[in-house]
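Chains A and B, in that order, are what the protein sequence lines are.
Residue numbers in the first sequence follow this note's numbering, run continuously in steps of one, and reach 1339 at the last position.
Residue numbers in the second sequence follow this note's numbering, run continuously in steps of one, and reach 358 at the last position.
Honestly, the hints are just simulated from the structure, not real lab data.
A quick note: this is a predicted structure, and the numbers were derived from the prediction, not measured.
Take the hints with a grain of salt, since some may be wrong.
For lysine-lysine, the following DSS-like pairs were computed, each having C-alpha atoms within a straight-line distance of at most 27 Å [what the hints assert, rightly or not]:
| # | chain 1 | residue 1 | chain 2 | residue 2 |
| --- | --- | --- | --- | --- |
| 1 | B | Lys-336 | B | Lys-348 |
| 2 | B | Lys-105 | B | Lys-320 |
| 3 | B | Lys-314 | B | Lys-271 |
| 4 | B | Lys-106 | B | Lys-209 |
| 5 | B | Lys-120 | B | Lys-348 |
| 6 | B | Lys-120 | B | Lys-106 |
| 7 | A | Lys-1119 | B | Lys-129 |
| 8 | A | Lys-1112 | B | Lys-129 |
| 9 | A | Lys-1158 | A | Lys-1112 |
| 10 | A | Lys-1098 | B | Lys-129 |
| 11 | B | Lys-275 | B | Lys-355 |
| 12 | B | Lys-336 | B | Lys-320 |
| 13 | A | Lys-1188 | B | Lys-129 |
| 14 | B | Lys-355 | B | Lys-271 |
| 15 | B | Lys-257 | B | Lys-120 |
| 16 | A | Lys-1326 | B | Lys-257 |
| 17 | B | Lys-320 | B | Lys-355 |
| 18 | B | Lys-257 | B | Lys-312 |
| 19 | B | Lys-129 | B | Lys-97 |
| 20 | A | Lys-1098 | A | Lys-1112 |
| 21 | B | Lys-129 | A | Lys-1270 |
| 22 | B | Lys-213 | A | Lys-1105 |
| 23 | B | Lys-129 | B | Lys-106 |
| 24 | A | Lys-1119 | B | Lys-120 |
Here chain B is said to cover these stretches of chain A; the calculated rule only asks that three of the stretch's residues, wherever they fall, bring their Cβ under 8 Å from a Cβ of chain B [to be verified]:
| # | stretch |
| --- | --- |
| 25 | 1088-1095 |
| 26 | 1113-1127 |
| 27 | 1134-1142 |
| 28 | 1168-1175 |
| 29 | 1220-1233 |
| 30 | 1296-1306 |
Facing chain A, a subset of chain B residues (Cβ under 8 Å, in silico) [stated by the list, open to error]:
| # | residue |
| --- | --- |
| 31 | Gly-147 |
| 32 | Lys-149 |
| 33 | Glu-151 |
| 34 | Pro-177 |
| 35 | Asp-224 |
| 36 | Lys-257 |
| 37 | Leu-261 |
| 38 | Trp-263 |
| 39 | Ile-286 |
| 40 | Ile-289 |
Heads up, the beta-carbon is just placed ideally off N, CA and C, and yes, glycines get one too.
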Amino acid sequence: MPLIINDIYPEKLFREDGKRLDGREKNELRPIKMEVGVISNADGSAYLEWGNNKIYAAVYGPREVHPHHLAKPDRGILRVFYRMATFSVFERKRPAPGRREKEISMIITDCLEPVLFLELYPGTAFEVFIEVMDADGGTRCASTTVAALALADAGVPMRSLVSSVAVGKIDGQLVTDLSGIEDKAGDADLPCAITWFNEELSLLQFDGDMSIEELNESLLNARNALDQIHQLQLTALKSKYTSILEEVEGGED
Amino acid sequence: MMNIKRVISTIEKNYIAENLKKGERIDGRGLWDYRKIDISHDIIKSAEGSAEVKLGETDIITGIKYEVGEPFPDLPDEGVCTIMAELLPLASPLFERGPPDEQSIELARVVDRGIRHADCIQTKKLCIKENEAVYIIFVDMFVMNYAGNLIDAGGISALTALISSRIPEGVMKDGNLEWTGNYLNGKDLVKELPLIMTFGKIGDIIFLDPNLPEELVCEGRISISVTKDKIVSIQKSGVATFSIEEIQGLIKRSMELGREIRNKLDLWQYKVDK
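Isolated chain B (complex conformation):
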């Protein structure tokens, strides 16, 4: 049982900060190490795609559902993808019931921006008939246990769920929607795989993947989404400020880390054929 308090004691804060200055972390990791990442896919029968990602003790389940609707007038031949996050009160005493708060909206939006700007979802393949019918894909992330760094875990969870999805392929015949008998799978829906890396900052020390105590003492963090060869989104939050040199250093580092993690996770293995 972990006892989380909103306010972390000065002693614990100093302990975490002092150790970080020596390059040591309370859980024994190096500054640029992730916690253990466990991925399971295709776990929810009712969903068109699903994944559970555990990053240390942080646990996020994502499910994919679809509907058929009208396209936006300015994008008549493109499907729509919406990303939502729920910080379930079951996941932490810090989470409250009720409509989405800032933290859950930030989580959904940062994951969404990474995906949106990375040529990830192939929205043109989600068009059934121009101006009339397109797929609306819902990517819903549910936080089951909160132990820091929801953004990176959420990003991997959303991507894996999309890769694992099978969506019935529809056609319009004489104004009626019909099923072809086939499915669109992860390869049809997704192209680039943006990975989000979140760095915490305490004093002058910057480190990857803050765990919960680190997140509670952090003055700020920065999340950087990268594809194989590009930066696609950045989000700085918290009261910390970053120098231009620090940002440049982090961009270089996130490109390197991105390559390494992309190979290690090998997310395409979670594709489901049918």
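If we strip away everything but chain A, and leave its shape as in the complex, we get:
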């Protein structure tokens, strides 16, 4: 269906002063805000603002598996459901889950599973629901990051956190953390995630055009960004408890 304003891509993705369109340096992340314990009904939850992305994740489990035949007698299962709100994108998304959402759900499930001790929970399921309320590039990475936080907030035993970021190439230059425009108009996009217990990549996709040297350098750029994101996750998890402490201490005055 037609819209009145069209989604136009700019010709250049760098400004005159060499910075990116949103004013960032090549390897600078967008502003990131994380908070845990945002959904009171859930066993664990987290909220993430990453640039203009706004994403919620909630964890329920271990709980009974529906449909029952999916349950495994020797271990628990992890199910991740990545969904986008109808209004989270430029052109309204149809409400039913599409192929893209199903694929990303699967990728994130596989990415998170290595950090869980599912063998301790036979016959049950951990379900992670991710809702992208506003999208602006890099939602699968942001979703993975926020889902790991929600699992930790739920008190699910984990080998480590998982952090994720996309790196890529725009206008021939390597950059970190592609925005929506950079993703669409850029040359290459390389989303990846790291499981910190073994410091290996647990999610990896690549689309576009890069030389082998560029790909090697991009992976190192990603590694630097992932460290920063990990620190933000740890701070967010701790701040739930430090803020309670502040309340208690404040009350004694």
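For this one, chain A is given, so just place chain B on it according to the hints.
Chain B in isolation, oriented as in the chain A frame:
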């Protein structure tokens, strides 16, 4: 962490009911009090309008999107507005994945009927060219946390999102759709503001804004939408029955409450100019 069970224990049910008989509620409210209402607007960049409404711990985010399409043949110069609700499985262990169930359809329809019959959306202003092109406005409500009374929270959320919206103004020139460079805002789209008030009933006791435990023990509820001076829609649901006197009493009360809440919320403050 709140542990919600589908079946609430007899002890808890009796406790809630006994206290209601004394005019007391488990969260300390009076019978005709709302929980705290928090509204934020214009929170979703990708949406043409948006709002998040928290009613106690119930949390609903609504976004507005538009498309341009053909009008209905019997209403050639009127735009269309569709309202949808999703009870996200993230919001409660009581919600399941899958296509909309009865509860989400009821939520969308009750909010829709309040808006539709209140001279709220100015459908004639949503016409670009008669018989050819009109706006189709999508009001999509997403429940982020379920702690009772989705209908009232949904109603306020939908209205605030509509009031906060900015929709590019289009014209037809030689059969092509063009943007004038201006936007239609909340004042262009919306006129009357219907408020929905939901009352629960347990035994003979009726009370405003059931919270989750109250909703789970309720025998029934009734939702009444009012504008400044009119009743525009009523929905009774659940197995409870209401006497005519009770309904008359509730109609009077919802008019009074409506006036009070309308002033307190002052929803027009959420209009976004551009």
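Evaluation of the provided hints:
no., hint, in the structure
1, B:Lys-336 to B:Lys-348, "holds, 19 Å"
2, B:Lys-105 to B:Lys-320, "holds, 22 Å"
3, B:Lys-314 to B:Lys-271, "holds, 21 Å"
4, B:Lys-106 to B:Lys-209, "violated, 51 Å"
5, B:Lys-120 to B:Lys-348, "holds, 12 Å"
6, B:Lys-120 to B:Lys-106, "holds, 22 Å"
7, A:Lys-1119 to B:Lys-129, "holds, 16 Å"
8, A:Lys-1112 to B:Lys-129, "holds, 24 Å"
9, A:Lys-1158 to A:Lys-1112, "violated, 46 Å"
10, A:Lys-1098 to B:Lys-129, "holds, 23 Å"
11, B:Lys-275 to B:Lys-355, "holds, 12 Å"
12, B:Lys-336 to B:Lys-320, "holds, 16 Å"
13, A:Lys-1188 to B:Lys-129, "holds, 24 Å"
14, B:Lys-355 to B:Lys-271, "holds, 8 Å"
15, B:Lys-257 to B:Lys-120, "violated, 49 Å"
16, A:Lys-1326 to B:Lys-257, "violated, 56 Å"
17, B:Lys-320 to B:Lys-355, "violated, 32 Å"
18, B:Lys-257 to B:Lys-312, "violated, 40 Å"
19, B:Lys-129 to B:Lys-97, "violated, 43 Å"
20, A:Lys-1098 to A:Lys-1112, "holds, 14 Å"
21, B:Lys-129 to A:Lys-1270, "holds, 18 Å"
22, B:Lys-213 to A:Lys-1105, "violated, 44 Å"
23, B:Lys-129 to B:Lys-106, "violated, 47 Å"
24, A:Lys-1119 to B:Lys-120, "holds, 26 Å"
25, 1088-1095, "holds (count 4)"
26, 1113-1127, "holds (count 3)"
27, 1134-1142, "holds (count 3)"
28, 1168-1175, "holds (count 6)"
29, 1220-1233, "holds (count 3)"
30, 1296-1306, "violated (count 0)"
31, Gly-147, "holds, 3 Å"
32, Lys-149, "holds, 4 Å"
33, Glu-151, "holds, 4 Å"
34, Pro-177, "holds, 6 Å"
35, Asp-224, "holds, 5 Å"
36, Lys-257, "violated, 12 Å"
37, Leu-261, "holds, 6 Å"
38, Trp-263, "holds, 5 Å"
39, Ile-286, "violated, 23 Å"
40, Ile-289, "violated, 26 Å"
When held up to the earlier numbered hints, the structure conflicts with 4, 9, 15, 16, 17, 18, 19, 22, 23, 30, 36, 39 and 40 and fits the remainder.
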